[in-house]
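K.L.:
Chains A, B, C and D, in that order, are what the protein sequence lines are.
For the first sequence, the positions run 1 to 290 when this note's numbering is used.
For the second sequence, the positions run 1001 to 1290 when this note's numbering is used.
For the third sequence, the positions run 2001 to 2377 when this note's numbering is used.
For the fourth sequence, the positions run 3001 to 3377 when this note's numbering is used.
Incorrect hints may have been included.
Claimed, not checked - Chain D is faced by these chain B residues, among others (derived, beta-carbon under 8 angstroms):
{"no.": "1", "residue": "Pro1041"}
{"no.": "2", "residue": "Gly1042"}
{"no.": "3", "residue": "Gln1046"}
{"no.": "4", "residue": "Thr1056"}
{"no.": "5", "residue": "Asp1080"}
{"no.": "6", "residue": "Glu1084"}
{"no.": "7", "residue": "Ala1107"}
{"no.": "8", "residue": "Phe1141"}
What the hints assert, rightly or not - If the Cβ cut is set under 10 angstroms, some of the chain D residues that face chain B in the computed set are:
{"no.": "9", "residue": "Phe3144"}
{"no.": "10", "residue": "Ala3145"}
{"no.": "11", "residue": "Pro3149"}
{"no.": "12", "residue": "Asp3248"}
Honestly, the hints are just simulated from the structure, not real lab data.
Where a beta carbon is used, it is the ideal one built from N, C-alpha and C, also for glycine.
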Amino acid sequence: MSILVNENTRLLVQGITGREGSFHTQQMLEYGTNVVAGVTPGKAGQEVHGVPVFNTVQEAVAATGANASVIYVPAKFSIDAIYEAVDNGIELVVCITEGVPVNDMVAAYHHVKTKGARLIGPNCPGVTTPGKGKIGIMPGFIHAPGKVGVVSRSGTLTYEVVDALTKAGLGQSTVVGIGGDPIIGTSFLDVLELFQNDPETEAIVMIGEIGGDDEEVAARFIKEHVTKPMAGFIAGRTAPPGKRMGHAGAIISGGSGTAAGKIAALEAAGVAVADRMSEIPDLLKAKFTA
Amino acid sequence: MSILVNENTRLLVQGITGREGSFHTQQMLEYGTNVVAGVTPGKAGQEVHGVPVFNTVQEAVAATGANASVIYVPAKFSIDAIYEAVDNGIELVVCITEGVPVNDMVAAYHHVKTKGARLIGPNCPGVTTPGKGKIGIMPGFIHAPGKVGVVSRSGTLTYEVVDALTKAGLGQSTVVGIGGDPIIGTSFLDVLELFQNDPETEAIVMIGEIGGDDEEVAARFIKEHVTKPMAGFIAGRTAPPGKRMGHAGAIISGGSGTAAGKIAALEAAGVAVADRMSEIPDLLKAKFTA
Amino acid sequence: MNIHEYQAAEILAKHGIPVNPGRVASTPEEARDIAAEFGGVVVVKAQVHTGGRGKAGGVKVVKNADEAYEAASNILGMDIKGHTVNKVLIAKGAEIQKEVYVSAVMNRPARKIMIMASAEGGVEIEKVAEENPDAIVTRDADPFAGLHPYQAKEVAFDLKLEPSMVNGFAAIAEKLYNVFMEEDATLVEINPFIINGEGTWQALDSKMSFDDNALYRHPETEKLRDLAEENETELEAKASGISFVKLDGTIGCIVNGAGLSMATLDAVQLAGGEPANFLDVGGGANEEQVTTAFNLVLADPNVKAILINIFGGITRGDVVARGIVAALNNVDVKVPLVVRLSGTNAEEGKALLSEHGITAGDSMDEAAAQVVAAAQA
Amino acid sequence: MNIHEYQAAEILAKHGIPVNPGRVASTPEEARDIAAEFGGVVVVKAQVHTGGRGKAGGVKVVKNADEAYEAASNILGMDIKGHTVNKVLIAKGAEIQKEVYVSAVMNRPARKIMIMASAEGGVEIEKVAEENPDAIVTRDADPFAGLHPYQAKEVAFDLKLEPSMVNGFAAIAEKLYNVFMEEDATLVEINPFIINGEGTWQALDSKMSFDDNALYRHPETEKLRDLAEENETELEAKASGISFVKLDGTIGCIVNGAGLSMATLDAVQLAGGEPANFLDVGGGANEEQVTTAFNLVLADPNVKAILINIFGGITRGDVVARGIVAALNNVDVKVPLVVRLSGTNAEEGKALLSEHGITAGDSMDEAAAQVVAAAQA
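Build out the structure end to end from the sequences listed, making use of the hints.
P.N.:
Shown next, in the form of C-alpha cells:
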C-alpha cells in the first residue's frame, strides 16, 4: 500500500499542453507515474510526451479510465478544472496552481466533499509515493522508499525535510504537500488519518506553518487517534501579525494562528516538535527504528 | 405504522400567526395533530390556539423538539422557510404555499435531498393519516382509517377520491397530496415506495394529471417494485397542448406529458386506471378486500 | 408569460449576447424607413406569440426598402394561428456560415436547468427530437453552482464545432444560462444561433418565456406583456385570482380546484359534450368569486349550459351554495345551470339551492350527463 | 489589499447599504468647506490603513466648520502607527440610538463565509472576543446558496434586537454578504452599525479588504489602491513575482519558497539574529530574480549581512549558483554574504560559487549562525 498514489493510479493531466503541464508530465513519466491522458480544450488528437490529449475530462475518462488528475491550468480556470474533474468521477484531484481566489474555493471545497472525491491543494507541490509514482512538481530523486509518512503545508520545506530524511536513511511511504492556501481540499487531519490507517507507514512527519487552525485541529486528532510516532515543525515563529508570509494562508490574524500556539498544541498531543528542521530525523529516530 | 405522519410527529407551523397558518393550526389541533410550536419572526412569546410562537425555527426546535413542519408563509418567503426548516434538522417539511418561483425550487429541491430531509409540495394540500393526525389543509372529516394509501398531485381531486373511498367503506392508511408544481419535493415514486414498504397499506390509489413525466417514472417503478393492488386516475384528457391548467405543472409541452401517455404507462404497469373518478372504489374492490 | 422575438432580442443584448440588429415597425411606412436605414437585404418578420410564422408566410427576406414596405403591408394584419400580426421586426440580413440551435430550459425529470443544443439550427427542436434525437446535446447545470464553463465547452465539442468556434459558443451558452436564471425565465431559445459573415456568433432569432410566479420581482418584464396577444377573459380571471383557460366547446364550467376542474372537463367529454373552458374558482367560492366566474363563462357566446362542480372541503357546501344563490342575483344566467355539490355540508347546501329553484346533484358523472343533455336540448 | 474607510463606504453605498454621509479632504480648507456644507456637528477622521485611530487622536468630533478646520490641521500629517495621514474624512454627526458590530469574513476552520456580529458596537471585535466572547454571534453562509434571510434574522434575534429592528438589520446583513462575494473581499466590517436619529440603520464606520488573487476581475478595486499606504519595496517585489515582507532586523534573507523562507527567518532568530525581511524569490531563482532580490534587500539600510538559502528541487543548484554569480555582477553587495545551497546539484553549485570566491555551506543552521556572526562583526 501507501496512500493516494499507488499501482492503480491512472493519471490525467489537466492543462497538459501548457509549459508547466508539459514539463511536469515528462518529469512524472520519468519518475514512473502512470500518466494515461491529458486535457486541453481544442487540442484533442495531439500527444504530449506520448500521452494522448483530449478536449474534455469526460472524453479522457471515457477513453482511458483515468481515476486521478493533476491541474496545471492558470488560476482563473482552476476552479472550473476542479469541478470538471470531480463531476466526471475523478477520485483524486491534485491542484498545483497558485493564486486561486479564496472565495471561489468555498463552494468548490464543499462540492468536492459532497461528491466523495479528494482534492489536494490548491497551491501545493503534490503527492509522491517514492518508487511508485508522483503527482505534481516535487523533485522525485530526493525521495527514497520507506516507512515515514510526510505531510506539509509548504513545498520547499517538504523537499528540505524529505532530503534530510533520505540522507538519514529514513525512506518515505508517501509524501503529501497539502498546500499553503487558506482553504485547501485536504487538511492535516485527513492525511494523518490516511497515514494512521496505512500499514506501510510507521512514523509521521508533519510540517505546519502559521495561519488558520488546521495544526490545532490535527493535534486534537493526534491525541485521540494517532498511535504512530510523530515529529513535526512549525514555520513562522518570527512572523509579525497581520502580514501574509508568501503563502496566502500564512497569516496571524486577531492573535490566532501563531507558531507558539501550534507548537504547544502538537507537543501536548505527543508530537516531538523540532526547533530546527535539521533535528527532525534524529527526533524521529529516537521514537522509532526504521 | 402509516407513512410520514404518526404518533411521533411533533409539528411546527411556519407562519402560524398569519390568517391561513392560524386557521389551519386550529383545524390540525382539532383533528388531533401534535402541533408543538409555531414560528413568526418577531412574534416570540405569543400563543396561537395554545401553541407557543417562536422567532426562529432554531429556537422552536430547541424548545419543543419539533421534527416536522408545515409552511403557510407567502410564496416569496417559502424557499427561505424550506431552508430554515431542513437546516435546523426538520425531517419532514410540508409546503402548502402556491406560487413559489420554479427556478428557486431547483436549488432548494437538491438541498433538501442533500440534507436527507423530505419535502412535500410546494402547492400541495399536505398529508393526513386518518385518526392520527394531519399536516396541511385537507378537510379531516372526509377521511376514515383503513388500508388504502392515496397519493395525488391535486388537492380537490384528493378530497374527491378520499370521500368516495370512505363512502365505499375503504378507509385510508395515509393520504398524501404531493402538489401541482413542476418541481415538487416528493414524487409519486417516493410515496409509492413508502406505501409499498408500509405494512398498514394494502392497496394504493394514485391520482395524476397532465404535465411532466412523474407518472411515467412511477409506472416503471410500479412494474418492478409495487406488489400491492393499485387503481389510478389521470386528469386532463381534454386539456389542449401548451396551456397551463391551473396548476403550474399541469401543461402538455412538446407533445409530452399527455394524459393518454400516462394512462397507457400506468395500465402497462398493471394499474387499473379509471375513466371516471367515481369508478375508483369499485376498481380497487375488484382487486382487494379491505 | 410570453414576449415577442424583438423583446427577447433586447433582453439577450442587455446580457451581452450579440444579436442581429433589428427594429420593430407597426406600419409599412415604418418598415420601409427602417429597411432604408439598414440598407441592403432585410428580413421582415411577423411578431406574434406563436410558432410556424415562416410556413404561414409571416417571414419575408427582401432586397430593399420598397420590398420591405410591400412585405410589411402583406404581413401586418395577417392572422397566424389565431394571432393577428400588429408588429413586424425589420432585421438586417445576415450571412450564415454556420447555424445551430441552443436554449436554456427546465429539465423537469432531473429537476435541473439544462442547456439544450442541436447542430441542426433553424429547425424546430421538437422536429429534431422526433426525427434525429441523437443530434440533440444537453447538459444539466449544477443546481447550486450553475452552468460550469467546462459544461458549455462539452456542449460545443459534442456539437462537433471547430475548435476555433468553441470558446465563443461556450461563453454565450454560459450567458444564456445566466439570462435564464436572472430573468426567471422558463425558456430562452436562440434558433438559429449563427456564425455570421464576420465569423462571430450571433443570435438570429430568439424566444423567451417567463415564470408568472416570479414576475413580482421583474416589473420591467411585466411591462413587456402584449395585451393584444393574450385572451382578455383569461387576464380578467387572473386579476380576480381565478384560473381560466378558454376552450372550444359549449359547456361552461365553474369548479373549485385545478385537478377537479380538469376532471370535470374530462367528465363532460365522456358524457358526449365539449367543455367551453377550464375554470378553477379557487378555495373559498364566495358570492364575489362565483359572480366573476359566471361573468367569465358567459362572456363566451358559445356557452349553451353551465356546470358548477364543487367539492366542499374546508369551505363548507352550504357556504358555497349561499355564494351561488347570491351570485345569481347579480348575474342574469339565461342558459341552463347544473350544480353538483358534494363533500362537507353538501346536504345543507343542496337544500339551500333547492329553496331557490336549483336542483343540485351528488354525482359528477350524472351532473356531466345532465349538463350535456341540457346544452343539446 | 486594503482600502480607506471612505472608499469602503462608497462601495457599501453602491450596494445599497445606507452609510453616513461624508466627503474626503486633503487640506484643512477643504475640511472646513465640507463641514460648512454639512452644517452642524461633523466628525473629522484620519484615513489610514491601520486601526486605533481614535486612541491616537486621529478622530475628532467638532461643532462647526472652524473647528473642523482646526481638527483637520492637527490630524493631517499625523503619524499613526507608522502611517502618515494624508486625507481626512469629514462625516456628518449622527445621533446614535443603538449601535452594534457586523462583518462578513472567512470562517477558515469551517471553510465558509460567516456573518459575525456583536451587540457591543464601536468596540474592536478582537477585544470583545477576548473579554466577552458570548456577545459575539455568527452564522456561516451556505457555501452554495449564500446567506439565507432566515440566518440574517437569527443573527438579529441573537443580538437581542427589538422586533422592529430585525428586518432592517437582516436585510443589510444579507447585502453585506453579497458585497463580500461580489467584490471578492476578505473582510467587510461595519463598526459601529447604528440606528440613527431617524430610526434607520446606517453604517457609521466601515472597513474592507480584498483578495489579491481575485483583483484581476476587479480593475475598479485595484484603482482604489493607495500607494502612499503600501511599502514601496513590497510593491516592487510583487511586480517581479517575489514575495517580500519588511521586518525590523539586520539580516537580509533571500530564499526560494515561502515555507523555507519562514523557516530561514526562524533559524536566524534561533542563531541570535533578527531577520530584516521575508523574501521568497519563487521557483526558478535566475539571474534576474536574484538581482531584483539583492536590490530589494539592500534597499533597507539596516541590513548588515545577507543570507541566501536555496534548496535545489526541480531547479538545479548549479543553475541557481550561476544566477547568484551573475546577479553579483549587476549589484554591488557591500555587506557580508552567506550562501546555503542544498538539494539537486548542490555540489556543482557550491563549486561554481567557490570559483567566484563565495563559500556555500550545506546546513541551514550553520549558515544562520555564520550570517549572524558576520552581521555582528
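K.L.:
Could you run down the list of hints and mark each one as holding or not?
P.N.:
These are the hints, each one checked on the structure:
no.: 1; hint: Pro1041; verdict: holds, 5 angstroms
no.: 2; hint: Gly1042; verdict: holds, 4 angstroms
no.: 3; hint: Gln1046; verdict: violated, 11 angstroms
no.: 4; hint: Thr1056; verdict: holds, 5 angstroms
no.: 5; hint: Asp1080; verdict: holds, 5 angstroms
no.: 6; hint: Glu1084; verdict: holds, 4 angstroms
no.: 7; hint: Ala1107; verdict: holds, 6 angstroms
no.: 8; hint: Phe1141; verdict: violated, 35 angstroms
no.: 9; hint: Phe3144; verdict: holds, 7 angstroms
no.: 10; hint: Ala3145; verdict: holds, 6 angstroms
no.: 11; hint: Pro3149; verdict: holds, 5 angstroms
no.: 12; hint: Asp3248; verdict: violated, 48 angstroms
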